[in-house]
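Those protein sequence lines, which keep their order, are chains A and B. Residues in the first sequence are numbered from 101 upward in steps of one, following the working numbering. Residues in the second sequence are numbered from 866 upward in steps of one, following the working numbering.
Calculated directly from the structure, the hints in this document are not laboratory data. Worth double-checking, as some hints may not be accurate.
A few chain B residues facing chain A, derived, Cβ under 10 Å [what the hints assert, rightly or not]:
(1) P877
(2) F891
(3) S896
(4) L899
(5) R904
(6) V971
(7) L979
(8) E985
(9) G1048
(10) F1067
Computed far set for chain A versus chain B, every beta-carbon distance over 12 Å [to be verified]:
(11) M113
(12) E118
(13) E155
(14) Y157
(15) D158
(16) E172
(17) P241
(18) E295
Some chain A residues close to chain B (C-beta under 7 Å, calculated; not the full set) [unchecked claim]:
(19) S102
(20) V107
(21) S108
(22) Q110
(23) E144
(24) L150
(25) I176
(26) G177
(27) Y187
(28) R191
(29) S212
Computed from a prediction, not measured in an experiment: that's the story for all the values here. Note that the Cβ used here is the ideal one computed from N, Cα and C, for glycine as well.
Below, each chain spelled out in residue letters.
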Amino acid sequence: MSTPFYVSPQQAMADRAEYARKGIARGRSVVVLQYTDGVVFVAENPSRALHKVSEIYDRIAFAAVGKYNEFENLRIGGVRYADLRGYTYDREDVTARGLANVYAQTLGTIFSSAAEKPYEVELIVAEVGAAPEDDQIYRLPHDGSIVDEHGSVAVGGNADQISSYLDQRHRDGMTLAEALKLAVESLSRDTNGGERRLTAEQLEVATLDRTRPQQRKFKRILGRQLSRLLDESGGDAAADAGAGESGAAGGKGAEDGGSKDNGTKGKGPAGEDGSEGEPLL
Amino acid sequence: MEANTRSTGRLPAAFLTPGSSSFMDFLGEHSPALLPGNRPLPPVQGAIEAPHGTTIVAAAFPGGVVLAGDRRATMGNVIAQRDIEKVFPADEYSAVGIAGTAGLAVEMVKLFQLELEHFEKVEGAQLSLEGKANRLSTMIRSNLGMAMQGLAVVPLFAGYDLDREKGRIFSYDVTGGRSEEHGYAATGSGSVFARSALKKLFRDGFTENQAATAVVQALYDAADDDSATGGPDMGRRIYPIVTVITEDGFRRLTDDEVSEIARTVHEHRLEQPDGPRAALL
């Protein structure tokens, strides 16, 4: 019979943390940015079916990096939690803070239980408020801690580098196109400093848009609308300022999951110079 | 069981167990007591007195469907409520109108809405219109015990079928039996009169506005002959609820739009109390 080696609790935790961090570092990053009308989620994700960003409830969305089956499990758990809570009490009683707490407890318990493998995931839970000051963004690392974030956040392999890039450039009151441009710039910077070009097909983009008339504020930005926004933000600064953020905000009725060019960006710089600008297509 | 929704502890195992995309199935496994059909029924002598909703009508037109309901709830021979709402959006492309015991019906609608939303969030895709109609069947069937005690709920379900590109109407009986109706349908105590009126007024080539006018006419006729159905209340400015579902999604006509239709219908009735005449041959 061999006696197991003594491993100090500090060492055991450090090992588990390193294991989880290594798993997370293998994945591509997700960034979340506040803009005037809400919160935008941008992920590098070539899959159209396996999402890194998803709706949880009316005003709450979820983004994750790491092991797909693990964060998918947490996502469905969150949807069940939110739907059950809203059904038992009221839709208003479902909050990002409550959900983030439940996730933190869950991740924390798994992380410190010797019987379970730590989850190799890092989550973001965001809720859009009535005004930009009321937006809430929580970052949940693998060990179950909660970080209350503002402005911009990045999680995933290259998160530290991307975060500092975003911190320097993100400002309040950005339009959707500006925020998207910044997000894509930050994601396309490689670990070794090189730049890659990310196309619409490689990106998964979604917003929590407070101007949406529906109760459910989550909306994916797909296909033509995404290409249009990327083109618009990709152009040079002068063209951006001239073109304005014009009246593509056509459909005032129900939006149909993003196949139309409904304006997710109601008020842009167009308001500032007073001109409507011409529709961009 | 309920403590799970309230505590901020770790998500219970049931939340993280892979399983069905149905909220009702999840509820059935996790906290069956919250499912309306699972409540134990106390023995009752005679019928239970509870407010009842009355008449719902629907009419299809090329490109969509109109679903409308009167505003009266009755309890025996007493008017329990003058401005009850009996037509609700089920999701973006469908709506449900309810006749029968108001309390149970409203709860059923709430659960039905959640069921559709939950599926959509978990699967990342909407149920087919047929699938939604079948889900509603299951819910009515689970209420059979209550229905036998006089607390029946009989909805009318209408939606836009994105695959077939047309509006469709489904009616139900108290045992959950479902049948697709072609052109027009009605349910509730005034449905006999409403259906007869619609039978004479309905044309295949209705515009949206003509379909809306036809259902208001039908509700007027139902109110004319059925004491439990309320007509447009000109004095209190309470008009029927009229909703339209098209390719663009669900839309409830505004008070102004409905009041204009209702006033026009009412004014013609002052001249011709029995309403428009159909040709004899």
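So, going through the hints one by one against the coordinates:
1. Given hint, P877 of chain B at the interface with chain A, holds; its Cβ is 9 Å from that chain's nearest Cβ, closer than 10 Å.
2. Here the hint on F891 of chain B is kept, as its CB sits about 6 Å from the closest CB of chain A, short of 10 Å.
3. At its closest, the beta carbon of S896 of chain B sits 8 Å from a beta carbon of chain A; the interface hint therefore holds under the 10 Å criterion.
4. Because the smallest distance between the Cβ of L899 of chain B and any Cβ of chain A comes to about 7 Å, under 10 Å, the interface hint for this residue holds.
5. A distance limit of 10 Å between C-beta atoms decides the matter here; for R904 of chain B the minimum to chain A is near 15 Å, and the interface restraint is violated.
6. Because the smallest distance between the Cβ of V971 of chain B and any Cβ of chain A comes to about 13 Å, over 10 Å, the interface hint for this residue is violated.
7. Contact between L979 of chain B and chain A, as hinted, is supported at the beta carbon level, the nearest pair being about 6 Å apart and thus within 10 Å.
8. Taking 10 Å as the C-beta cut-off, the interface hint given for E985 of chain B holds, the closest approach to chain A being about 8 Å.
9. Annotation: interface hint on G1048 of chain B violated; nearest CB of chain A at approximately 24 Å, more than 10 Å.
10. At a threshold of 10 Å, the smallest CB-CB gap from F1067 of chain B to chain A is about 26 Å, leaving the interface hint violated.
11. Distance to chain B confirms M113 of chain A as a non-interface residue, since its nearest Cβ pair spans about 18 Å, more than 12 Å.
12. At roughly 23 Å, the least C-beta separation between E118 of chain A and chain B is larger than 12 Å, which holds for a residue marked as non-interface.
13. Here E155 of chain A does not stay apart from chain B, with its beta-carbon only about 5 Å from theirs, under the 12 Å limit.
14. For Y157 of chain A, the condition that its CB be more than 12 Å from all CB atoms of chain B is violated, with the nearest at approximately 8 Å.
15. A Cβ of chain B approaches the Cβ of D158 of chain A within 12 Å, the least distance being about 10 Å, so the stated non-interface status is violated.
16. Once the 12 Å rule is applied to beta carbons, E172 of chain A is inconsistent with being away from chain B; the minimum gap is 9 Å.
17. The beta carbon of P241 of chain A sits about 16 Å from the closest Cβ of chain B, which is more than 12 Å, so the claim that it is off the interface holds.
18. For E295 of chain A, the condition that its CB be more than 12 Å from all CB atoms of chain B holds, with the nearest at approximately 32 Å.
19. At a threshold of 7 Å, the smallest CB-CB gap from S102 of chain A to chain B is about 34 Å, leaving the interface hint violated.
20. Look at V107 of chain A: its Cβ only gets to about 25 Å from chain B, farther than 7 Å, so that hint breaks.
21. Here the hint on S108 of chain A is broken, as its CB sits about 26 Å from the closest CB of chain B, past 7 Å.
22. Interface restraint check for Q110 of chain A: the shortest CB-CB distance to chain B comes to about 24 Å, outside 7 Å, so the restraint is violated.
23. Taking 7 Å as the C-beta cut-off, the interface hint given for E144 of chain A is violated, the closest approach to chain B being about 19 Å.
24. For L150 of chain A, the interface hint is violated, since its Cβ never comes within 7 Å of a Cβ in chain B; the closest pair sits about 9 Å apart.
25. The interface hint given for I176 of chain A is met, as the beta carbon of that residue sits about 6 Å from the closest beta carbon of chain B, less than 7 Å.
26. Annotation: interface hint on G177 of chain A holds; nearest CB of chain B at approximately 4 Å, less than 7 Å.
27. The beta carbon of Y187 of chain A comes within 6 Å of a beta carbon in chain B, closer than 7 Å, and the hint placing it at the interface holds.
28. Using the Cβ-Cβ criterion of 7 Å, the hint placing R191 of chain A at the interface with chain B is not satisfied: the shortest such distance is roughly 10 Å.
29. For S212 of chain A, the interface hint is violated, since its Cβ never comes within 7 Å of a Cβ in chain B; the closest pair sits about 11 Å apart.
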